[in-house]
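*Asks:* Sequence:
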Amino acid sequence: MTHDGDAGVPGSLARVLADVAAERAAQDARFGMQSLPDGTGGEDAAAESDAARDETDRAAGAGTLTWRHVLAEEVMETFAESDPHRLRAELVQVAAVAVKWAQALDRRPSSTEG
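For the sequence shown, this note's numbering gives the first residue as -13, with consecutive numbering after it.
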């Protein structure tokens, strides 16, 4: 089995990434270049990250894991990170999970089918 990122749907990754690129272009058109502080790190964010990880672990153990759990854990880990290099890596993980979730939605039968 190959792992090409298409999640079982040929062209899926390219389509989702094209959608992301289009959204990014729309954001720039609407808001222009933004230079904002990160607003991450700190004890509260670390505690919230730990809580999200615990919730994800509990859901996985109970067989009730959802995409919301996975994405929330990644987002909270991002919020807890203050080192710029590790923060970037966490943001890439958030983006990857969001893309994978979008691909999972694309694999579902259309609501107009059946």
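Treat the hints with caution; some may be incorrect.
Computed list of lysine to any residue pairs in SDA-like fashion (alpha-carbon distance at most 20 Å, straight line) [what the hints assert, rightly or not]:
hint, residue 1, residue 2
1, K86, L(-1)
2, K86, S(-2)
3, K86, T50
4, K86, V61
5, K86, S21
6, K86, A75
FYI, nobody ran anything at the bench for these hints, they're computed from the structure.
*Asks:* All hints, please: hold or fail.
*Replies:* Quick rundown of the hints versus the structure:
1. K86 / L(-1): holds (8 Å)
2. K86 / S(-2): holds (10 Å)
3. K86 / T50: holds (18 Å)
4. K86 / V61: Given pair K86, V61 holds - Cα atoms ~14 Å apart, limit 20 Å.
5. K86 / S21: violated (28 Å)
6. K86 / A75: holds (16 Å)
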